[in-house]
Amino acid sequence: MTPTTTTTTLDIGEAKRRRAEARWRYARDTCVLWRRNRLMVVGTAIIAGLLLVTAVAPLLATHSPYEQVLADRLLAPSGKYLFGTDGLGRDIYSRVVYGARITLTIALLVAAISAPIGVLVGILSGYLGGVVDEILMRLADVFLAFPRLILAIAFAAALGPGVENAIIAIAIALWPSYARLARAETLNVKNNDYIQAMRVLGAGKMRIMVGHIMPLTLSSIIVRMSLDMGTIILTAAGLGFLGLGAQPPMPEWGLMVSDGRQFLVDQWWVSTLPGVAILVVVMGFNLLGDGIRDVLDPRQRQA
Amino acid sequence: MARYLLRRLVTLTITIVGIMVMTFFTSLVIPLDPLASLAGPQASPETVERLRTLYGFDQPLYVQFGRYVARLGRGDLGVSFQTSRPVLRDILTYFPATLELATFAILLGICVGIPLGVLSAVYRNRAIDQFCRLLSLVGVSTPVFWLGLVLMLVFYFKLGWLPEPGRLNIMLLEPTRITGVLLFDSAIAWDWDVFADALKHLVLPASVLGLVGVAGISRITRSSMLDVLSQEYVKTARIKGLSEFLVVTRHALRNALVPTVTVIGLTYGLLLEGSVLTETIFSWPGLGRYMANAFLTLDLNTIVGGTMFVALTFCLVNLIVDLAYAYLNPKITYTES
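In order, the protein sequence lines correspond to chains F and X. For the first sequence, the working numbering gives the first residue as 1, with consecutive numbering after it. For the second sequence, the working numbering gives the first residue as 1, with consecutive numbering after it.
Simulated from the structure, these hints should not be mistaken for lab results. Take these hints with a grain of salt, some might be off.
Label-pair restraints from in silico Cβ distances [said to hold, decoys possible]:
#1 F:A20 with X:T236: 44 to 54 Å
#2 F:A76 with X:L266: 42 to 52 Å
#3 F:A197 with X:I128: 49 to 59 Å
#4 X:R250 with F:P298: 31 to 41 Å
#5 F:L218 with X:R3: 31 to 41 Å
#6 X:L319 with F:V32: 44 to 54 Å
#7 X:L266 with F:V265: 35 to 45 Å
#8 F:E67 with X:I128: 30 to 40 Å
#9 X:R250 with F:N192: 41 to 51 Å
#10 X:I128 with F:L74: 26 to 36 Å
Among chain X residues calculated to face chain F with C-beta under 7 Å, some are [to be verified]:
#11 Y62
#12 P259
#13 L277
The beta-carbon is built from N, C-alpha and C at its ideal position, and this holds for glycine as well.
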C-alpha cells in the first residue's frame, strides 16, 4: 500500500508542483511529436497563415474587395492587380484575401453550432440509455440517411440562400456524426469506477454528465472537429458555387469560382485562383487534423 | 445472419418513416409560395385559389401528410413544377446517366485505388507510398467543381483531347433507349460511333468524381494491408517459402479487402448522390443536375421526391454494404445481436 501512504504525506504544494511538472512534460512531448511530423508543421503553417491573413486583411489587400473599376475589367495578373481582375473590374487578390475571413467564419461557426449539439445529444443518449437513446439515435439515423451535401443543399434551399443559412444548413447536416461519436465515448466510460464513485457520492445525473463524462468525450470530438474543418469549407464553397450559399457581391471563394466560369477560356485566372485558395486552406486543415489525431493518440505518445 | 438482417430491416423501416416525415416538413418550411411561382406573377387570386385546391394545399397538415404517404405508397411523387412531368418519370429519365457516371467513377477508383494502396503498403515510406499519401490528401482537399473547371480548361479548351461537356456529341443520334445507360444501349444497337463518343465524354467527369474514390480506397487498402502484413499467418506464408508476390496477393490482399469492400460500397453510394457539383460543371443530364435546378427554382415536388429517392437509394446501398460486411466478416453478427 505504498502509493496511498505517499499520497497522504504529500502536502498541497508538492502535489501542485508535480501536477505542473506532468503538464509541462505533456506539453513538451506534444511539441516533440509536432516537430517530428513534418506534414503537420506544414498544415500548422498554412492555418497560421490563414489566421494572420484574416486578422490583417485590410493591410494585405491592395484594393477594396467591392470597388468596381469597369475600365479595368478582366485584366491578367500584373504588378497592379496581383491575381488580375474579374468581370466587374474588382481586384481578385483583395477579394481572395477578404474571402479568408468568410471561409474561416463559416468553418468556425459550423463547428461551434454542430459539435455542442452533437455532444449534448450523444451524452444524453449514451448515459440515459433506453427510450431516450432509441429516439435520439433513430433521429440521428434519419439525418445520416441523406448524403451530407444533399442534406446541406436541401436545408440551404429551404432556408433561403445566404451565408447565415448556409452555416445553419451545414451544421444541421453535421451534428449527427458528433452525436454518434459522443455516444460511443459515453458508453465507454459510463460504467468506469470513477463514474460509479461519483454516483455513490450522490452526484446527480446532470453533474455526472456535464462535469465528468463531457470532458472525457472532448478530445475525440476535437480531433473529429479538426478533421471536419476541410469538409465544412468544401461544402460551404460548393453551396456558394451552386448559388445557394453566400450571395454576390460577397467575396466568397466558391462564389468567385462560379462567377469566373463564363470567362474560363480566355481569362482563366478569374475562376482558378480563388479555387487554389480553397485547395490550400482545406489541405492545411486536413494536414493539421491528421496531425492532431496522431499527437493526441496515446499509442503514439508511448513510442 | 437472419436475426441481424431482421434487426437491420426494422431500423431501416423506422429510418424510412423518419425520412418521409422530414421531407414532408422540409417542404412546409420552404419560404417561397410554390403556388405563386406556379401561377406566375400576373395570376388572379381566383386562379391561385383554384391551384391551391387542385394541389391540396388548403387541407389541414395531417391530411396533407396522410395523402403524401399514400401517394408515395403508389409511387406517385407528384408533378414537377418545372417540367410539368411526373417527378418519378423525370427521376427515371435522369438517373441512368448518373448511374453510368458513378459506376465508371467507382471502377476507376477501384482499378487505381487498390493497386496503389497495396503498393504503398508493401513499399512503406518509399516514393510510391509518399505519392499515394499525397494523392489521397489532394483527393480529399480539392473542391470538385474547381477541379472540373481546370481539367475542362486544359483537356478540352486548350489541348482539345477530350470532347465538350455533355453526354454525347449533338451531331450523333442517341440510340434507342433501353436502359438509358448510353454505353449499354449503343453496344446493344451495335452503334460503335456512339459508344466511342459516349466513352470519351465520360472520361473527364468520371475522373473528377473518381478522384474522391481513389483517395478513400487507396487509403483504406493501405492501412488494412499494413495491418494484415504484420500478422502471424503472413509470416508463416513467408517462412513456408512462398514468393513475395503470392504472399501479398493470396494471403494478405484477400484479408485486407474486407474493410476495402465496405469503403467501396459507401463511396459508390456517395458518388451516386454526390455528383450534384460534377454534373453541374459538365452539363451532365443526370439526377444531380436535375436536383440542383430544382433546389435553385424551389420546385417543391421535385425537391421532396428527389430527396426521398436519393435517401432511399443511399439507405439501400448502406444496407447492402452492411450485409456484405457481415457476410465477409462473420464476427460482426455476434457483436451486434
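Would you say the C-beta atoms of L218 of chain F and R3 of chain X sit inside 31 to 41 Å of each other?
holds, 36 Å
The hint says 49 to 59 Å between A197 of chain F and I128 of chain X; measuring C-beta to C-beta, is that right?
For I128 of chain X against A197 of chain F, whose Cβ atoms are near 52 Å apart, the range 49 to 59 Å holds.
In this structure, is the beta-carbon distance linking R250 of chain X and N192 of chain F contained in 41 to 51 Å?
holds, 43 Å
Answer holds if the nearest beta-carbon of chain F is closer than 7 Å to that of L277 of chain X; otherwise answer violated.
holds, 6 Å
If you check the beta carbons of A20 of chain F and T236 of chain X, does the distance land in 44 to 54 Å?
holds, 51 Å
Beta-carbon spacing of E67 of chain F to I128 of chain X - inside the hinted bounds 30 to 40 Å or not:
Given a distance of about 49 Å, which is not inside 30 to 40 Å, the answer is violated.
Using the C-beta atoms of A76 of chain F and L266 of chain X, is the stated range 42 to 52 Å upheld?
holds, 43 Å
Given hint Y62 of chain X near chain F, where the shortest CB pair must fall under 7 Å:
violated, 20 Å
Determine whether the Cβ-Cβ distance between R250 of chain X and P298 of chain F falls within the hinted range of 31 to 41 Å.
holds, 35 Å
Hint validity - P259 of chain X Cβ closer than 7 Å to any chain F Cβ
Violated, about 18 Å.
Is 35 to 45 Å a correct range for the gap between the Cβ atoms of L266 of chain X and V265 of chain F?
This hint holds: roughly 37 Å between Cβ atoms.
44 to 54 Å was suggested as the range; check whether the CB atoms of L319 of chain X and V32 of chain F agree with it.
At roughly 46 Å between Cβ atoms, V32 of chain F and L319 of chain X fall inside 44 to 54 Å, so the hint holds.
Violated hints, in rising order: 8, 10, 11, 12; the structure is consistent with all others.
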